[in-house]
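Asker: All chains should be built: construct the whole structure from the sequences, respecting the hints.
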Amino acid sequence: MKIIVLVKQVPEVADVKVNPETGTLIRDGVPSILNPFDELAVEEAIRLKEKYEGEVTVITMGPPQAVDVLYKAMAMGTDKAIHMTDRIFAGADTWVTALTLAEQIKKMEYDIVICGKQAIDGDTAQVGPEIAEILRIPQICYVRKLEIDDNGKHVIAHRENDEGYEVIRAKMPVLLTATKGLNEPRLPNIMGIMKAKKKPLEVVTAATLGVEEDRLGLKGSPTTVRKVFPPPKKAGGIIVEADDPKEVAKKLVEFLLQKGAF
Amino acid sequence: MGLIFDRDKCTGCMLCPKSCNFGAIEKDDDKVKFDLDKCVLCGSCEEVCPADAIFIERQIIDKEAIAQYKDVWIVCEPHDGRLRSFSYELVTKGRELADKLGEKVVALLIGHEVEGLAESLIHQGADKVLVVDDKILAEYTTDAYTIAVVSLITPRKPAIVLYGATSNGRDLAPRVAARLQLGLTADCTGLDIDDERQLVQTRPAFGGNIMAEILCPYTRPQMATVRPNVFKPTERDTSRTGEIEKVEIKISPVQIRTRVMEKVSEITEGMISVEEADIVVCSGRGIKEPANLELPRELAKLLDAAVGGSRPIVDLGWLPPTQQVGQSGRTVSPKLYFALGISGAIQHCAGMGTSEIIVAINKDPDAPIFGIADYGIVGDIFAILPEIIAEIKRVQAER
Ligand SMILES: Cc1cc2nc3c(=O)[nH]c(=O)nc-3n(C[C@H](O)[C@H](O)[C@H](O)COP(=O)(O)OP(=O)(O)OC[C@H]3O[C@@H](n4cnc5c(N)ncnc54)[C@H](O)[C@@H]3O)c2cc1C
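Those protein sequences? They're chains R and W, same order as listed. Position in the first sequence counted from 1, then plus 1, gives you our numbering. Position in the second sequence counted from 1, then plus 10, gives you our numbering.
There's no promise every hint is true.
[To be verified] Below, in silico cross-link-like pairs of lysine-lysine (DSS-like), each with a Cα-Cα straight-line distance of 30 Å or less:
1. R:Lys220 x W:Lys28
2. W:Lys80 x R:Lys228
3. W:Lys403 x R:Lys251
[What the hints assert, rightly or not] Sample of chain W residues lacking proximity to chain R, with all beta carbon distances greater than 12 Å (derived):
4. His122
5. Glu258
6. Lys260
Hints in this document: simulated from the structure, not taken from any laboratory. Note that the structure is predicted; figures quoted are calculated from it, not measured. All residues carry an ideal CB built from backbone N, CA and C; glycine is no exception.
Answerer: Pasting the structure below:
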């Protein structure tokens, strides 16, 4: 089985602070991590390989330092990596990100393409399905549980939906996006970290990808960010100590009634 | 831009004429031929062709072409014989946007046996409802719904298409966007029209730490998924009239590459979905034991609210995953949100920070949840919550 895993390096969003004066993000000193949902995808790919044999290739598009997440994925157990890095790729929105990754995937053989349901910095959940469309393969998003059918040709996946989940069967090749519950990702061990350094790592640029520059990066992106600003501040909330629970409860209910909350 | 047909590759399987909703493909000897005057480049044939003999070149539209795109479309979501509430919220918001543009609101009603719901959308403010009713659409599948939406958009050229940011909406919208090579903005919490008649899409990023305004200047339609419960629907006007148009779209089973084998609902009897509820009572690790969830359940029952949980509570199996609020769970935006024994980690806040009124009860005065609470109570849930329940009962009895 040939599996492609797509990963992204993201800032540890929990550590991101906002400069109160400028409203801009303070990213200095914020660690970069492998997107947690992508970690689920990496783990699942490795488990499939362990069970059905084959090869797992991990791909990221990102600046030079994003190579770290490729080494992490290889330390966990993926076989090789592709780093798509070029200044021309910078500023890509979801559509161009999907296009860039898909153009690379088109050159490869695969049964399954798997990625996280969303990246924790942008939270869009769009790149996976957009890639599936460009590759013209089916997609199953928000997968919590994955099995391969006995015939070895179909996947059977539990797809989370608003009420619970649905069990979906699709023929490979297929694109899957991983969500919480799919597995518990392993921690890379020392052996894995050592081995990762020797695994093949290919670098792909706009030139080697063979896509015209004006279809890539910011230039190719149909969406543009006009403005970034801090979320509207709530008019300072009321904070009370609950010395007298009865009294506090009364005050709260009064407040809620006044706001017409129920 | 156009359709490229490789006649040598064509095997004459005749799948493509069946898939064409515009009658643009016909048999030609042992192969097919295309009527490019009828073709709208929707890509259904490209999709079904097993021989890769059809290729559609798509290109970015120029500014002049943009002016041809008109109206605000809402992709509504029927579910269990009703419409998901975001459908009405977006028709209301769409009305406001369309009025600014001097254009129409068109609601898309796709499914099976859904026509009866059309009138309520007109009453809500739609000028027109496009109904696509087919057995093959009874259940959501990415492929069938993508074909339906793309087949509607391509010839009719809307300026704006809005989807609900539900599990299905967020599965469908990117697929449609990629097929039409369009931009797409995810999970918007604000929408407006600027001086240049562009849709300004506002959404949170970085776990809600910042907001971004996103435009789609070069392509049409402008598309976005919109967070449920952010916009409030207006009162419906039952005297409003509008047009209901039934559209037939051919979708054959071979075009649907996923099969739904089973559907499992985890929303247990009497439990309300956190996304659609006006009030959410959410408990965190501070609730300590599953048996203690009786308290928030009682409060929820009084207020007709949904019972939610932070991630640890759901991971422990005390509530089903559908009730988890936050980045790896549901994004909610109710009128009133109770955070009971929840510390307020960024991943939690990312899923509830846009709630209208946030009430937090926490023992720890330094808990981050107090930073976003409208009404914070520093104290023990088990001492305070029973009093709140008693007070609400008293008030309700007086009504
Ligand atoms: C990728 C990723 C995704 C995540 N997604 C989510 C998500 O979707 N949703 C989510 O919720 N979390 C998510 N998390 C986890 C998140 O970081 C926090 O760990 C989690 O939200 C904490 O839950 P909690 O507030 O219930 O528990 P805690 O942080 O343990 O807080 C419990 C609180 O209860 C208070 N307390 C205890 N006893 C009492 C009492 N008797 N009365 C009053 N107060 C009391 C304590 O003071 C404390 O503040 C995610 C994390 C990661 C890394």
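Asker: A separate judgement is required for each hint: does it hold in the structure or not?
Answerer: Each hint tested on the structure:
no.	hint	result
1	R:Lys220 x W:Lys28	violated, 38 Å
2	W:Lys80 x R:Lys228	holds, 25 Å
3	W:Lys403 x R:Lys251	holds, 11 Å
4	His122	holds, 17 Å
5	Glu258	holds, 24 Å
6	Lys260	holds, 19 Å
When held up to the earlier numbered hints, the structure conflicts with hint 1 and nothing else.
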